[in-house]
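Please arrange chain L on chain F, whose structure you already have, making use of the hints.
The chain contents come next:
Number of protein chains: 2
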Amino acid sequence: MTARPRAFIVVTGSELVRGDRRDLNGPFLAGELLRLGVEPARISIVGDREEELSEALAEALGAADLCVVSGGLGPTHDDRTVELVARAAGVALQLDEELHEQIGAVSRGFAARLGRPYVDFEAGVRKQATIPEGALSLGLAGTAPGLVLERGDTVVVVLPGPPAELQRLWGKARETEPVRRVLARAQPPELRRLRFFGTSESAVAKALAAAGGDGDGVEATICARDFEIHVDLVVEPGAEGRADELTRRLVAPLESHLFSRDERPIEELVLDLCRSRGLTLGTAESCTGGMVAERLTSVPDSSDAFVGAIVAYADDVKARELGVPPEVLERHGAVSAETAAAMAGGARARLGADLAVAVTGIAGPGGGSDEKPVGLVFLHAEGPEGSRSADFVFPGDRSSVRRRATVTALHLLRRLLQQTRDESA
Amino acid sequence: MTARPRAFIVVTGSELVRGDRRDLNGPFLAGELLRLGVEPARISIVGDREEELSEALAEALGAADLCVVSGGLGPTHDDRTVELVARAAGVALQLDEELHEQIGAVSRGFAARLGRPYVDFEAGVRKQATIPEGALSLGLAGTAPGLVLERGDTVVVVLPGPPAELQRLWGKARETEPVRRVLARAQPPELRRLRFFGTSESAVAKALAAAGGDGDGVEATICARDFEIHVDLVVEPGAEGRADELTRRLVAPLESHLFSRDERPIEELVLDLCRSRGLTLGTAESCTGGMVAERLTSVPDSSDAFVGAIVAYADDVKARELGVPPEVLERHGAVSAETAAAMAGGARARLGADLAVAVTGIAGPGGGSDEKPVGLVFLHAEGPEGSRSADFVFPGDRSSVRRRATVTALHLLRRLLQQTRDESA
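The listed protein sequences correspond, in order, to chains F and L. So for the first sequence, numbering that gives the first Met the number 0 puts the first residue at 0; every next one is plus one. So for the second sequence, numbering that gives the first Met the number 0 puts the first residue at 0; every next one is plus one.
Worth flagging that the hints you see were computed from the coordinates, not collected in a lab. Each residue gets a CB set at the ideal place from its N, CA and C atoms; glycine is no exception. Be a bit skeptical, because a hint or two may be false.
What the hints assert, rightly or not - Computed far set for chain L versus chain F, every beta-carbon distance over 10 Å: (1) R107; (2) Y117; (3) E132; (4) G151; (5) E174; (6) R180; (7) A209; (8) A238; (9) D243; (10) G277; (11) S388; (12) A389.
As the list claims (entries may be wrong) - Covered stretches of chain F, as calculated for chain L (at least 3 residues, CB under 8 Å): (13) 216–225; (14) 346–355.
The following block holds chain F by itself, in its conformation from the complex (with noise of 0.2 Å):
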């Protein structure tokens, strides 16, 4: 059905097939080639090794249109993939006399700084400055130089390691003329994305085929993220008005748990809704530990809106910092809505914020009991016009626990805003 170029992307690095850390180029050049229309078909991870690194290349070079090569490209005798690039595609290495100055200039600056002599650093220079015959030169990150070239109908994009890096070089390759010409043969899909809260996968997937489910120029993905429930399309030109239908009818059963179509985090839009109303917001957290207000100050400006926390473990915490009454802790518990509520209450006066959220619950692995378990999560949320509360006993481990009641305090306070907000329309 689909003509698009098709895509392999090649990750080279010991530590990122020994699983000692986790591979970002992949994902970044997938999406990036998504967009522009290109499939990527596989993404390839190998070591440092020779034998590896080549099979991958062949494999590639075979049946890619075009073939995203990432690592390997230092300075010293283990980053070998230029010569194995060219060794795979059956040209030669030659020295770059343009590409020698260059990292020559760069090295010497290092050179200078690091007080040793410039002779220690030869060798690595004219390694880095010989390349393929026929490529191009993208630009150096650090001593590296990007590069591109063609074997047969494959285009071969080589990039450096470094996540930022490579994501600058890629920004210089896909202007490249034979990047290109590959680009021009593919048809950009538009891609939509509709997020759900208070859901699960499995109901989306129930209603994605209910509504007649994907294909005919529409792709669906369903993913749960963060616990949030994610469906993209991807649109082919010409599907639009398929994928409208299909939208209209996977929303329509669904339209209260619909909350975004667009790809801003929730803190973002919890904080662009108190922007939007003048009001200042702060958090009262127990078991989260901070993880709201962390995931609000990650927002550049949040300080416009967010004023601050009070992380209260301990109980005497609860009692002194945020002026939960000691006989509510004892009556109820630390663990409990109404403790959740005086947190929030606490939170805005102390804070002197308009809206609070609070989060108190057991996020395990110890601490759970018959009556109250491990995952027991009491959420309250406050503002000047009303409030909302909620609790859950959430699945999973402590991780997964906190990382779910912080999501859920977000979307509380969304709740919240969108509630004031409409009935005061």
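Coordinates of chain L only, in the frame set by chain F:
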């Protein structure tokens, strides 16, 4: 040099190859295999298209001693892993009666809970109970069986995609006779880790080279992770003496930066130091917005030592809740050594904590000036026996500055705890 069995890991999932979701199974399996003495040679991530998965399987079956496949075991038509594994291995598929019963029982339960007729599930049940001739079942994850089969010299392990299920059934796969036979040929290397803080990857690389470098049965990987520098040594049987010598020489010039030879994260080291000295701990955070507290409370039973945090984002919260004198804020600014010191003192007093660390800085992208640029962070840790402070201009974006400040705050606490411990010893 190494005669370790080679493993290929094949991960299938459209959302993974498209970069919508990051694969966790590849790194998990790679780490497991490495520990068992099997060399993870490649991780291939492919979508659920027939040709992509078939190609990846064919390559693995030719080249690997062990091929572990993750994902694509669901009941629907686009979950094709089992069928394609059978085809790649050249064996027929057949209905396994015992599995048919097991999966049927689970599905009847689902049907009842969902209030749907069992007949809706029947095709899926037959599909999931249909496995390659000669394959061993590892038991079910949901309704999907994990499988082990042999083809020539390759043992193939088929596991479900959800990470928790994959990890559970991988444990079972390890106990099967075919996998045990591969593992019997593996010589598990000894893995050693050295962790440094406050030095750079290149400084450690230089020290490693000066110490004689790796080789001769010791492989060293240097990896910056969460702003610490980790050196992982993979030590082949018989090379222990060489590893001891290399370690000694590597550590000598970096002694003051070496802080751990084990895997415990820094937040756990800090909590352990607090517990061993009977001290309680709190934080006062501005630019980190609760991240230090979040890290500390990620550790189970952290409530033994951690009492709480005050996230003082707005200046009047710094004054009111942490008691930072308004004249300090006015004269030195919220981002200053003086404010950090006052915040730490305030947190000790307000939270009733023996020890507190304070962080205040400019995370960016806005808010910087010539005098106080983005990335400027002041830290102050104070305990019953003394204090330590530090300031930095951290590079990178908002997230990077915040994460660096968080890790640095934890290490400042560690140094304060070790200093006072050493002095009082």
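Verification of the supplied hints:
1. R107: Non-interface label on L:R107 holds, nearest chain F Cβ at 17 Å vs cutoff 10 Å.
2. Y117: Per Cβ check, L:Y117 is outside 10 Å of chain F; nearest 16 Å; holds.
3. E132: The claim holds: L:E132 sits with its nearest Cβ about 28 Å from chain F, beyond 10 Å.
4. G151: holds (18 Å)
5. E174: holds (21 Å)
6. R180: holds (23 Å)
7. A209: Non-interface label stands for L:A209: nearest chain F Cβ at 12 Å, farther than 10 Å.
8. A238: L:A238 clear of chain F: closest Cβ-Cβ about 18 Å, beyond 10 Å.
9. D243: It holds; L:D243 is separated from chain F by about 22 Å at its closest Cβ, greater than 10 Å.
10. G277: holds (15 Å)
11. S388: Given a closest Cβ separation of 22 Å, the condition holds.
12. A389: holds (21 Å)
13. 216–225: That given contact holds, which follows from 3 residues of the region 216–225 of chain F lying within Cβ reach (below 8 Å) of chain L.
14. 346–355: Coverage by chain L holds for the region 346–355 of chain F (3 residues, Cβ < 8 Å).
Hint compliance for this structure: every hint is met.
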